[in-house]
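Visitor: One line per chain: the protein sequences are W and H, in this order.
Take the numbering used here: the final residue in the first sequence is number 274, and no numbers are missing along the way.
Take the numbering used here: the final residue in the second sequence is number 274, and no numbers are missing along the way.
Calculated from the structure, these hints are not laboratory results.
Note that the structure is predicted; figures quoted are calculated from it, not measured.
One or more hints might be untrue.
Which copy is meant is left open, so a pair is good if it fits within one copy or across any two.
[Unchecked claim] Below, in silico cross-link-like pairs of lysine to aspartate or glutamate (EDC-like), each with a Cα-Cα straight-line distance of 20 Å or less:
{"hint": "1", "residue 1": "K102", "residue 2": "E152"}
{"hint": "2", "residue 1": "K45", "residue 2": "D224"}
{"hint": "3", "residue 1": "K60", "residue 2": "E152"}
{"hint": "4", "residue 1": "K223", "residue 2": "D118"}
There are 2 protein chains.
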Amino acid sequence: MVAEHAVRNGVIIKEADATLSVTNREVQFGFSTYESIRVIKGRPVHLADHLRRLDKSCEGIFLSHSFTNEELTNWVHALIQVDSLVEASVRILVVGGKDPQCFITAAPLISYPDSYYREGVVTFTYEGERLMPSCKTGNLLLNYMALEAARRQGGFEALLVNREGEILEGTRSNFFAFREGKLYTAPSEKVLLGVTRDRVVQAALKNGIEVVYESPLAKDVRSGLYDELFISATSMAAMPIYSVDGKSFAGPFTRTLAICHQVREWELED
Amino acid sequence: MVAEHAVRNGVIIKEADATLSVTNREVQFGFSTYESIRVIKGRPVHLADHLRRLDKSCEGIFLSHSFTNEELTNWVHALIQVDSLVEASVRILVVGGKDPQCFITAAPLISYPDSYYREGVVTFTYEGERLMPSCKTGNLLLNYMALEAARRQGGFEALLVNREGEILEGTRSNFFAFREGKLYTAPSEKVLLGVTRDRVVQAALKNGIEVVYESPLAKDVRSGLYDELFISATSMAAMPIYSVDGKSFAGPFTRTLAICHQVREWELED
Chain W
5 MVAEHAVRNG VIIKEADATL SVTNREVQFG FSTYESIRVI KGRPVHLADH LRRLDKSCEG
65 IFLSHSFTNE ELTNWVHALI QVDSLVEASV RILVVGGKDP QCFITAAPLI SYPDSYYREG
125 VVTFTYEGER LMPSCKTGNL LLNYMALEAA RRQGGFEALL VNREGEILEG TRSNFFAFRE
185 GKLYTAPSEK VLLGVTRDRV VQAALKNGIE VVYESPLAKD VRSGLYDELF ISATSMAAMP
245 IYSVDGKSFA GPFTRTLAIC HQVREWELED
Chain H
5 MVAEHAVRNG VIIKEADATL SVTNREVQFG FSTYESIRVI KGRPVHLADH LRRLDKSCEG
65 IFLSHSFTNE ELTNWVHALI QVDSLVEASV RILVVGGKDP QCFITAAPLI SYPDSYYREG
125 VVTFTYEGER LMPSCKTGNL LLNYMALEAA RRQGGFEALL VNREGEILEG TRSNFFAFRE
185 GKLYTAPSEK VLLGVTRDRV VQAALKNGIE VVYESPLAKD VRSGLYDELF ISATSMAAMP
245 IYSVDGKSFA GPFTRTLAIC HQVREWELED
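Hey, can you work out the whole structure from these sequences and the hints?
Guide: So, in structure tokens, the structure goes:
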């Protein structure tokens, strides 16, 4: 286990004690928000960005609490220190209600085999729309079911398709596709405002690539209208897609890997 | 507190120990199902129906577990016995994953003032569609937010309206409306298959009332096309609606109260 401890409302506790009562109504209803943050070389990467998004998630679902971002920052650092975390994935969870609770826990840093980046990953589409896509909340059953469905077919990620047939995002990633040299991704109001998504856009612009905020249609992706696809997430940076619903895309994924490299560089400069 | 104990995977524990780890992925994703059952005179009302629906909810989201309905029945009775419960609301929660967990807890029986039945309750519509409406799962943020929005306006319940403008159901109730002597409610595939909803339909038929499975449009309700409205739930039986978005409906709610009376009678005969 990476962490022996956790933080509850600012107090260091044993991780085993980081629990919620099953009789808590807010737990039952998933009235909660969260963020996952990479710790690299003992530093929480882009923490301020994650806390800003946590604020937005709380505002979006009217979850009031009195935890300040300064406190949350201190608590993340306290957990890093008490468990001497060098590389880890830290999760901040805020549960709402009359007596809001904040938990900070740590898990091993997620990293993927090099082959995923060289060869790309297998994906499958899944029809479904998230409630309040710009908020990270405990309302995640669609994401869970979509990912399970993709895994049953041997996939690594599921891509969520809305009623208009557009691919908006993955279950734990944002989605990007190249077409005639331009980079397409869903408009910001329709998807999670990924901290890494912002970095991907910046990296693309830095490389002289135009970014178009239009959601690719699943049928156009399957018919080969796009020539290089990838997903982005805190844990993945930018990861090439090998196939969507069996339609495969040949590597080398040069442009994706250039963006991936840039995103990882920025993590260390933060 | 009504209950000092709870049951976890068949074992009687202190209620305070009925907790879930915040690091449990299935807890984080709301990959769970539940049922709430009224205990009256020490007997769990319509328990077999509730367990049948729990099965359907688990099947619907592909949640596998090995708890049999015989076991669940025994565990509910064990909790009733150990805490000498006479009147209570018992909740069965099943959390999925590699190591599924089942919790049975009890809370005070919910009952409402007589005035709610005499005068009806204030409701407000809320636009939003539930994921897999026929399953009772931990994916309840829409219900939570809709109910909070109604409460902020002084309402007792929120009525969920889909993209077609139809009122499908309440956040914790089914919805019914009379028009020219016929009783209208949403088609079964669009809503939660309420255990009490079934009883309401039976009671209506017993009273010679035709039941039409068509969802009333919110605009038709607001314009007065329907003349008596009510919501139904395990905790409410059938409760008249005084107003929807400020459009009020005059009592006495004779037909609703006749149905309510019949539903409560059947609870004792179970």
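Visitor: Please flag the earlier hints that this structure goes against, numbers listed from lowest up.
Guide: 2 and 4
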